[in-house]
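Number of protein chains: 2
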Amino acid sequence: MERTLTSEVPGKVGEEVELQGWLHWRRNLGGIQFILLRDRSGIVQVVLPGGLKLPLPESAVRVRGVVVQNDKAPGGYEVQAEDLEVLQPSQQPTPVEIPKEEWRANPETLLTYRYVTLRGEKARAPLKIQSALVRGFRKYLDSQGFTEIFTPKLVRAGAEGGANLFEVDYFGESAYLAQSPQLYKQIMVGVYERVYEVAPVWRAEEHATSRHLNEYLSLDVEMGFIDSDEDVMALEEELVRAMLEETAQTAGPELALLEVEMPKLPREIPRVPYAEAKRIVKEELGLGMGADLNDEAERALGAYFAEKYGTDFVFIVQYPESVRPFYTYPTGDGLTRGYDLLFRGLEITSGGQRIHDPDVIVQQLEKKGMDPQRFRDYIEVFKYGMPPHGGFAIGAERFTQKLIGLPNVRYARAFPRDRHRLEP
Amino acid sequence: MERTLTSEVPGKVGEEVELQGWLHWRRNLGGIQFILLRDRSGIVQVVLPGGLKLPLPESAVRVRGVVVQNDKAPGGYEVQAEDLEVLQPSQQPTPVEIPKEEWRANPETLLTYRYVTLRGEKARAPLKIQSALVRGFRKYLDSQGFTEIFTPKLVRAGAEGGANLFEVDYFGESAYLAQSPQLYKQIMVGVYERVYEVAPVWRAEEHATSRHLNEYLSLDVEMGFIDSDEDVMALEEELVRAMLEETAQTAGPELALLEVEMPKLPREIPRVPYAEAKRIVKEELGLGMGADLNDEAERALGAYFAEKYGTDFVFIVQYPESVRPFYTYPTGDGLTRGYDLLFRGLEITSGGQRIHDPDVIVQQLEKKGMDPQRFRDYIEVFKYGMPPHGGFAIGAERFTQKLIGLPNVRYARAFPRDRHRLEP
Chain A
424 MERTLTSEVP
434 GKVGEEVELQ
444 GWLHWRRNLG
454 GIQFILLRDR
464 SGIVQVVLPG
474 GLKLPLPESA
484 VRVRGVVVQN
494 DKAPGGYEVQ
504 AEDLEVLQPS
514 QQPTPVEIPK
524 EEWRANPETL
534 LTYRYVTLRG
544 EKARAPLKIQ
554 SALVRGFRKY
564 LDSQGFTEIF
574 TPKLVRAGAE
584 GGANLFEVDY
594 FGESAYLAQS
604 PQLYKQIMVG
614 VYERVYEVAP
624 VWRAEEHATS
634 RHLNEYLSLD
644 VEMGFIDSDE
654 DVMALEEELV
664 RAMLEETAQT
674 AGPELALLEV
684 EMPKLPREIP
694 RVPYAEAKRI
704 VKEELGLGMG
714 ADLNDEAERA
724 LGAYFAEKYG
734 TDFVFIVQYP
744 ESVRPFYTYP
754 TGDGLTRGYD
764 LLFRGLEITS
774 GGQRIHDPDV
784 IVQQLEKKGM
794 DPQRFRDYIE
804 VFKYGMPPHG
814 GFAIGAERFT
824 QKLIGLPNVR
834 YARAFPRDRH
844 RLEP
Chain B
424 MERTLTSEVP
434 GKVGEEVELQ
444 GWLHWRRNLG
454 GIQFILLRDR
464 SGIVQVVLPG
474 GLKLPLPESA
484 VRVRGVVVQN
494 DKAPGGYEVQ
504 AEDLEVLQPS
514 QQPTPVEIPK
524 EEWRANPETL
534 LTYRYVTLRG
544 EKARAPLKIQ
554 SALVRGFRKY
564 LDSQGFTEIF
574 TPKLVRAGAE
584 GGANLFEVDY
594 FGESAYLAQS
604 PQLYKQIMVG
614 VYERVYEVAP
624 VWRAEEHATS
634 RHLNEYLSLD
644 VEMGFIDSDE
654 DVMALEEELV
664 RAMLEETAQT
674 AGPELALLEV
684 EMPKLPREIP
694 RVPYAEAKRI
704 VKEELGLGMG
714 ADLNDEAERA
724 LGAYFAEKYG
734 TDFVFIVQYP
744 ESVRPFYTYP
754 TGDGLTRGYD
764 LLFRGLEITS
774 GGQRIHDPDV
784 IVQQLEKKGM
794 DPQRFRDYIE
804 VFKYGMPPHG
814 GFAIGAERFT
824 QKLIGLPNVR
834 YARAFPRDRH
844 RLEP
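Order-wise, the sequence lines are chains A and B. Just so we're on the same page, this note's numbering is the position in the first sequence counted from 1, plus 423. Just so we're on the same page, this note's numbering is the position in the second sequence counted from 1, plus 423.
It is possible that part of the hints are untrue.
In silico BS3-like links for lysine-lysine, alpha-carbon gap of 27 Å or less [to be verified]:
#1 545/A <-> 562/B
#2 806/B <-> 545/A
#3 476/B <-> 806/A
Because the hints were derived from the structure by calculation, they are not lab data.
Hey, can you work out the whole structure from these sequences and the hints?
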């Protein structure tokens, strides 16, 4: 007999169906008992004889029964069955009750048992939404002539100079885990002009905040033959729109379950010069700040623009050279064509135009007090006619976190890694 | 003026167009000179006045001119222009001539300069084909109810017991680079039933052969609620078909350029029991072999089945326990539900049904002389009702290599890593 998914049950009233899934919840009323059966598509109520001995919750099971409309059942339908086959019993109670809406357990405990807590409907939904965002990312870029690339994650040195790298023992030599595919995606602009990559990156940052991960998914884009960073932002604008549309279309149940409020994304995302953002933070919001916009300033700016311009997204543009990496295109006035994209007050993207002239790279390295000799290999790449180009990276987990409103970015990753967590 | 791609030139005869790309090749005939301009879509001839001073090949350039039909021009069309704008000059001659069909340089030299040699049409085509294979992989699985997952690459221990792992210094602790997402994709079957992942994996294998890489792209699949490994193979069969179809549809020019012969893929790929494969190797092909099928035996089997059954793909099934990982589903007769998929005589997939009962996992570990205590965390995962499940991994570079007929798997990776190579 062919399997029916729980989501298909409403279309089969009066028919006999076979369901497979997990025993999500059970209740014995004596003469009759109810279970909720969960599969990848949802949950349905199954009615069983009272005398039947049921396995522990989370057992993998199969039932055959007849679909009946019942307004009292969750979702309005139930399956009436005589028996239940245990495919594989759960051998012990779960560390938290999977059907519970909110778990009161310590967040660290939830992460420790994530291999089973992820089964909860509200725990699995964020990652499903993330997969839709990523699908939207690729789909849009595929439609715009981009080529997907797969660049090395084991590298000899970091693109940004070497801080915050995890060291790897590579046959007795020192290698590092790539912080970003920066150099490689720039090289690939010379090959395919427009490229993207979806891959993990690593930052050996000691601090643990609600927005940092030591291993995360970077959605990288780089494009050649641009006029300025404006071309890059214009692409990102449409890309973000396409990602949200794909998610709305293909992750509807998950968005509804988590009561996600879809973002306010105007036709054109405001571009706010860095200096103006600083002024607003100081004069209009009355906040102090350091050299760069700090977390508090970003949050306040997010709220300010949502209120004032009805947008959840803001580009902060024209960053000063002092707070951008050496390869950022300088405009000669101490500023750059580097930008950030804030989403609901969190930086989810750093991007901009890059320097394509190797002589300017040397000049900028020297200006920052970095030794061009150490960047010899990087500079060499630019000696073969690199066109004006730029790009950006979107942190997949941060985007997911802010879209859903998760308290911590860790819940936007299946098995997060942080200073103290290498398992599961 | 809007940019025209070289591939769009034939549709614009008589029109003025603007092209951007690289100076691929140049030739001065005195009163007139020809260049080939290369962009992401192809190559077109541009005719320029003889007196114009041209930059070095590989310079990034822009030209405006009129499209003319000319049977003597490559592709039958050319652009007649008066001037050429240099967006960024190449500062030195390329290490090999990019337009050359075959480079005579040492393969190691070609890899050392890969950041520029990749620009060659025949060098960049394999990776474009690979991106189409990967797109076909995701597209088909998306259509079959699979969820894309992103699992950790930094792990505490290896899934297979610990050999061939690269060690990482994780804040002073030992971590390892994942050899495969095996355990994680099994966990995720408990969450989404059907999952896939496209991500790098690492093997610290010292030997350097034409089919090994220390860092490669693994196309992983895992699915729950199966009856046996037959369900897994049936899926892989259709998946491989879909990957090849997507490639034929979207990478036509690259397949033609490399003169790729599309594989013979029968409606049903033959399933050959391991014992029968061994018999054929020994009795019909007259080859010696060790405990497992070695490279030579796999190559000979590939040729044998191509000749005899007109297929480029063969499943070798019912592998003995002794040559499969501990988590492979045993059938009680010393054999397993583990299989390999050979493509043109090369193993491109290892797959099969996995054990879903934790007690059987313990039994199999002990049988192999492995200590179940060391696999405590792995076993724990299976205590919460894991349904019968199975899956496989396709090595993206090997599939690409064999599809195209590349002499070495390194050319199916942008920046390969091997025992002696960490750069570029």
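These are the hints, each one checked on the structure:
1. 545/A <-> 562/B: Within the cut-off at roughly 26 Å; holds.
2. 806/B <-> 545/A: holds, 22 Å
3. 476/B <-> 806/A: holds, 19 Å
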